[in-house]
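Protein chains in written order, with numbering that gives the first Met the number 0: chain V, 0 to 299; chain G, 0 to 185.
What the hints contain is simulated information worked out from the structure, not anything from laboratory work.
Just so it is clear, the structure is predicted and the values come from calculations on it, not from any experiment.
Quick reminder that beta carbons are idealized off the backbone N, C-alpha and C, glycines included.
It cannot be assumed that every hint is accurate.
Said to hold, decoys possible - Some chain V residues close to chain G (C-beta under 10 Å, calculated; not the full set): (1) Q9; (2) L30; (3) E32; (4) E50; (5) T80; (6) T171.
As the list claims (entries may be wrong) - Now the stretches of chain V that chain G is said to cover, found in silico as 3 or more residues with beta-carbon under 8 Å: (7) 124 to 135; (8) 210 to 219.
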Amino acid sequence: MSFSSDALSQLSDAISARAEAAKNTVVAVRLGEGRHLTGMVWQSGVVVVSEQSLPRGDEFELVAPGGSTLAAKLAGRDASTNIAILKTADVIAAPALAAADAHMGTLALAIGADGEGGVSARLGAVNLVGGEWHSRRGGLIDRRIVLDIGLAHREEGGPVFDATGGCLGMSTFGPRGQVIVIPHATLTRVVPQLVKDGHVARGWLGVALQAVAVPDALRESADQTGGMMVMSVVENGPAAQAGIVAGDIILSVDGISAHRFRKIARYFGGDSIGRKADVRVIRGGAIITVQTTIAERRAA
Amino acid sequence: MSAVASDVAFAHRLRVAVHADDPLRRAALCKVVAEAGHMVVGLQDEADIVLADGSRPPDEARSVVGLGIVDDRLRGALPREADARQIDAAIRAVAAGLIVRTPVRENGFGAMRESEGHALLTPRELEVLAALAEGMTNKAIARRLDISLHTVKFHVESLFRKLGARTRTEAVAKAAERRRSEIIML
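Make a model of the complete structure from these sequences and hints.
So, in C-alpha cells, the structure goes:
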C-alpha cells in the first residue's frame with residue numbers, strides 16, 4: 000500500500016523540497032569549539048547575523064553552502080535592530096529572497112546552518128503578528144512576528160519562509176526564549192545603511208539619561224510626574240554646547256515628554272539630524288527651555 | 000555560626016577576581032562575592048574564578064563566570080540580572096569543574112519598557128543610593144547631603160520599597176541593574 004499521493008506525504012515532500020532549496024540561503028558562523036551561529040546570505044558577499052549573539056570581534060570564519068570555509072569581516076552592527084553584517088572577500092552566490100508579509104496562523108519554515116555546509120529545518124506556525132515596535136535599544140522593528148517554533152542557538156539568524164516560499168525575515172530569540180522574526184522590511188531598511196556606514200544614522204544630543212521622578216514641589220508646574228535626569232554629557236556634543244549639564248532633568252523635547260521613550264526614539268531618527276529642538280529642563284528648582292541642534296550620533 | 004559550620008564555609012572559600020566596566024556594578028558584585036563567604040582578589044592575583052560583568056577580560060585563561068556575556072567558551076554564563084544566590088552557586092559549580100547555563104535566555108531581543116510601570120527614584124534617592132554604593136553609613140550620608148538622620152532613613156526605606164530590596168547591598172545591585180536597562184543615550 001502506498002500513501003505517496005495523499006495530502007500528508009505531499010505536504011512532507013513539499014517541506015523537504017523547500018528546505019533543500021533553501022540551502023544556499025545560509026552560512027555557518029564559527030564560534031569555536033565546534034559551535035556556530037547561522038548567517039543569512041542577503042546579497043553576494045553580504046551576510047546578515049543576529050547582533051545579540053555575535054561575539055565581539057572583527058574577523059570571523061564562515062562555512063559556505065557546500066562546506067567550503069570563507070573568511071569574513073564585520074562590516075557593521077546595530078544593536079537597536081539586532082542586525083549585524085559580515086562581508087566576505089570571496090563571492091557567495093546570492094539567493095533570490097522574495098519578501099513576504101507574515102499572517103497569523105500560517106506555516107513558517109525556519110532554516111538554520113548545520114555547520115558543515117548544509118541546512119537544518121524547523122516547521123511551525125506564525126503565532127502572532129502585530130504592528131511596529133521599538134526595541135530596548137531604541138530601534139524600530141517594522142512588525143511584531145512571533146513564531147511557534149523551537150529553535151536551537153546554532154540556528155538563530157537564519158531566514159524564515161512562509162508556505163509560498165516568501166521570506167518573512169531573520170529568526171532570533173526574544174525574551175524568555177521566545178522565537179521572533181526581524182522582518183524583511185527592517186532588514187531592507189537597515190542592511191544598506193550598515194553596509195554603507197557601518198552603523199545606523201540616528202539623531203543625537205550627547206547625553207546619558209535615566210528616568211527619575213519629578214520632585215513633588217515641581218510636579219504641578221512641570222505637569223508630568225517623570226523626567227529624564229542627565230547622568231553625563233558628552234564633551235562638545237550638542238547638549239554640552241547648549242549648556243545642558245549633569246543633574247538637569249529633561250522634561251520634554253519639542254513638546255514630547257522625555258520619558259515616553261518610544262516617541263523620543265522615533266523623534267530622533269535619521270531625519271532629525273540638523274533639526275533645532277527646544278529642550279525643557281528642570282535646573283536648580285526652576286523650569287527653563289534650552290535650544291539645541293540635533294547632531295548625528297557618533298559611531299559607538 | 001557553630002565551629003563545624005564555619006569550618007565547612009572556610010573549606011569552600013574561593014578566591015574570586017571581579018571584572019566589571021561599571022565601577023558601581025563592580026562594587027556591588029564584590030559585596031555579593033564577599034557576603035557569600037569568598038575572598039575578593041585582584042585581577043592580577045591568583046584566583047580560582049574570574050567573575051566578569053558585561054565583557055570578558057581579554058586573554059583570560061582562568062575559569063570565567065560571566066554575567067550578560069554572549070560567549071560560548073564561558074564555563075559559567077548567567078543573565079545580567081542573576082541574583083546573589085545564583086552568582087554564588089555558579090562560582091562554586093564552576094570551581095568544581097562544572098559548566099553552568101541558565102535554561103532559556105531571559106534577556107533576548109525585546110521591546111522597550113516605558114518607565115511609567117514602576118516607581119521612579121527621585122533625584123535625592125539617587126544621591127542616597129550613590130552613597131550606599133560607597134558603603135557609607137546613614138550618619139555619614141546625613142552629613143554629606145546635609146539632611147537629618149531621620150530623613151536619610153526615610154529615603155533608604157523608600158529605596159528598599161521601590162527597588163524590592165531587603166538589604167543595602169541588594170538595593171545597590173538592583174539599582175545598578177535597573178540603571179543598566181534604563182539609561183538611554185540620546
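### Query
Can you give the numbers of the hints that this structure goes against, from lowest to highest?
Per hint list: single violation, 1.
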